[in-house]
Amino acid sequence: MKFTGIERQLNILDYALHSLARRPGRHLSITFIFALVIFLVASFQMVTASLKHSADVLLKTAPEITVQKMVAGRQVMMRVGDMARVGKVFGIKEIYPRVWGYHFAARNGANYTIIGLDPARQRQLPPYLDGVKMPLAPGEAIVGLPLAKLLDLGGRRVFSLARGDLSLKSFRLAGTFPAASDILTGDLLVTNIADARDLLGMKADEITDICVSVANPAEVRTIAGKISRVMPGTRVLTRDQIRKTYQAVFSWRSGFGSICLLTALAAFFILAWDRASGLSAGERRETAILKVLGWQTTDIITLRFWEGGAVATMAFLLGVMAAWLHVTIGAAALFRPVLMGWSVLRPNLELVPVTRVSDFIIVFTFTVLPYLAATVIPAWHSATVPPDAAVR
Amino acid sequence: MYLDSWSIALALINILGLFLILTATSTAVRVLRFWDPDSDAKLQIDLENETWLASTLVQYGLWFQIAALVLLVAAADSFSNVLAGAMCATGSLLANNYGFPLLWLKIAGVFFYGFWILLHRLDIQVETYPLVKVKFAYLLLLLPLLIADSVLEVLYLGKLNPDIITSCCAVVFASGDGGRTLLDRTPVMITPLFYGLAALMALMSLTVNRVFRKNGGGGWPRRTMVCVTGVGWLAFGGVALIAITAVFSSYIYAMPFHHCPFCILKPEYHYIGYLIFASLFVAVFSGIGTVVAQGFAGRDDLREETTRFISRSAMVALVALTVFVTTVTVPMLVYLFRGGE
Chain A
1 MKFTGIERQL NILDYALHSL ARRPGRHLSI TFIFALVIFL VASFQMVTAS LKHSADVLLK
61 TAPEITVQKM VAGRQVMMRV GDMARVGKVF GIKEIYPRVW GYHFAARNGA NYTIIGLDPA
121 RQRQLPPYLD GVKMPLAPGE AIVGLPLAKL LDLGGRRVFS LARGDLSLKS FRLAGTFPAA
181 SDILTGDLLV TNIADARDLL GMKADEITDI CVSVANPAEV RTIAGKISRV MPGTRVLTRD
241 QIRKTYQAVF SWRSGFGSIC LLTALAAFFI LAWDRASGLS AGERRETAIL KVLGWQTTDI
301 ITLRFWEGGA VATMAFLLGV MAAWLHVTIG AAALFRPVLM GWSVLRPNLE LVPVTRVSDF
361 IIVFTFTVLP YLAATVIPAW HSATVPPDAA VR
Chain B
1 MYLDSWSIAL ALINILGLFL ILTATSTAVR VLRFWDPDSD AKLQIDLENE TWLASTLVQY
61 GLWFQIAALV LLVAAADSFS NVLAGAMCAT GSLLANNYGF PLLWLKIAGV FFYGFWILLH
121 RLDIQVETYP LVKVKFAYLL LLLPLLIADS VLEVLYLGKL NPDIITSCCA VVFASGDGGR
181 TLLDRTPVMI TPLFYGLAAL MALMSLTVNR VFRKNGGGGW PRRTMVCVTG VGWLAFGGVA
241 LIAITAVFSS YIYAMPFHHC PFCILKPEYH YIGYLIFASL FVAVFSGIGT VVAQGFAGRD
301 DLREETTRFI SRSAMVALVA LTVFVTTVTV PMLVYLFRGG E
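Taken in order, these protein sequences are the chains called A and B.
So for the first sequence, this note's numbering puts the first residue at 1; every next one is plus one.
So for the second sequence, this note's numbering puts the first residue at 1; every next one is plus one.
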């Protein structure tokens, strides 16, 4: 009988699957360990992807250009009057002030981020705020969920924070940010600009940033350049720069993590190579009998390839599925500390799993391809058993 | 930018490719030195066994090379998130002088591997393995290619600096004035030229397929026909790449001013680019492959195999060409008849 190329492959695959099914135990351990390794790599990749995604989504609400004043390499306060100088640049839609700073809570050792916004700008805080009446009344604040938990409010809606001179400043809780934005809002308290100044101990006309929104998004970079010319000594940040910095940091961190995982991968591939090299008497017999039956060396190599392919496919599916569950249900408990966080208030993060083909390509390259490369020489070795080995 | 998952993946796949080809090369050296089909010595039997290993390794190498090509394009696309000014793979590849040479080298690599496998297929169909020395001499060429590939890749990734502002595809492929443009002056006649050449290649492939179905009778008319077809395929490959960039891609985006051969690979466009480029490469490869096979048609022991191969290969090229032309034409027709968004 003469088979075409595809029929030949299918027949050999059929044989390979049957022989796997006949002795499921033989490849079970290797499949399991392989799945574990894939699980580690895939989890890492997925966490990074969803972190990048969250950062992207949330940064959409950031101002297009932020202007900060630098003295001796450190950020210092600006005056409300400085905004007029920025306003001279042509092409700007809107300029508004922002006050922010860190508040150290001695009670629990956490740093809260305090942001004070102009009442006119508070309407732009949504899309992730529903049911909060805007603009905020004096003394009202919106806080992130983890922060609200940390404040231990119970049913109360009024809480106080200590000013620098230890006198108390009280706030009324207007609402909380949803869990989905925890990555940015976890430690955040948003309030009116005047209340923020009061809490942070700033003077009445002091501001931290000037935020600029631009009419034509294509002109952002040009306008940013003009602003830095009008106001020398300032740092002008564009949203795109911030976004790319986030992406670069996450890429760097995930790359570093991948390198750490490479050791585990290398160990696994050595194991796989070793396992595939040690021919049992049964395997020698099988190969020899197949050869007596007329199988060619290439057929045996193809058979070993399909066996390896089946093991890899199974392990890949298992590992990727487990990683997906780890990220969605387990909130990536294993890797979160590596990829994010510097404050006690970070932890409560709900990750939105992002399934992108490109991540699977990376996981595949990291795991399946080296596995195939590690088993090819042993596969050839097992295929060179002479036919007469069956009767010896 | 070595510390990015994509960079590490690219490096990994290159190391694997080097490992495979180095192993195969050691076999190649031994075969070239000691191969003697008349001998019964153990060395000869070992060598015969090893040729199977080498051929398997090169087949793996081919698939790894294809994977590396896809990986490079996907990586460049992902780098565009980090590089200032880049919005798709074009910007990332243009971020330094090594990006596009690396891409071309990877594409060339796929073809080089492919031709080796073609030789191997021809060879093993004849009991005496008449092409053993030829194919293993050729195998020695793969190693420098792969080393050049690795060097370029290291240079490209090393020089990739997130601080350098690069261009986005809207600037690079725009047919306007100024700036760095890859397609400075697109010939106006590119669309008719493309379809004319496609029709010509279809006709020629069909003729080659018909003529070579009948065995026997070699001579210069057949040789010339195959060679002309091969040159035609090479020209078609070039024209097709320009046409995809200048004409067809903007119909897929439904944006008249967006010309980019890389954005069509994105999920927003249902990965249609992969089908487009895969069918184009298969068509061009099979087309040029007939010339490679024709090179050995003069040998008595291979005449029958090459004839059969050329006929079949021409058919494959024809089918792939049909798929390719359909895939690029349908979005254009949809756009023209339903109108843009």
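Worth flagging that the hints you see were computed from the coordinates, not collected in a lab.
Glycine included, every Cβ here is placed at the ideal spot set by N, Cα and C.
Among the hints, erroneous ones may be present.
Claimed, not checked - Here are the in silico distance ranges between beta carbons for each label pair:
| hint | chain 1 | residue 1 | chain 2 | residue 2 | range |
| --- | --- | --- | --- | --- | --- |
| 1 | A | 267 | B | 151 | 54 to 62 Å |
| 2 | B | 332 | A | 360 | 24 to 32 Å |
| 3 | B | 145 | A | 216 | 43 to 51 Å |
| 4 | A | 17 | B | 298 | 56 to 64 Å |
| 5 | B | 254 | A | 107 | 35 to 43 Å |
| 6 | A | 17 | B | 304 | 30 to 38 Å |
| 7 | B | 97 | A | 53 | 53 to 61 Å |
Here is what the structure says about each hint:
1. A:267 to B:151: 54 to 62 Å: The hint (54 to 62 Å, Cβ to Cβ) is violated, given that residue 267 (chain A) and residue 151 (chain B) are roughly 29 Å apart.
2. B:332 to A:360: 24 to 32 Å: At 31 Å between Cβs, range holds.
3. B:145 to A:216: 43 to 51 Å: holds, 48 Å
4. A:17 to B:298: 56 to 64 Å: Violated: the Cβ-Cβ distance is about 44 Å, outside 56 to 64 Å.
5. B:254 to A:107: 35 to 43 Å: violated, 58 Å
6. A:17 to B:304: 30 to 38 Å: holds, 36 Å
7. B:97 to A:53: 53 to 61 Å: 32 Å Cβ-Cβ, so the 53 to 61 Å window is violated.
The structure shown violates the earlier hints numbered 1, 4, 5 and 7.
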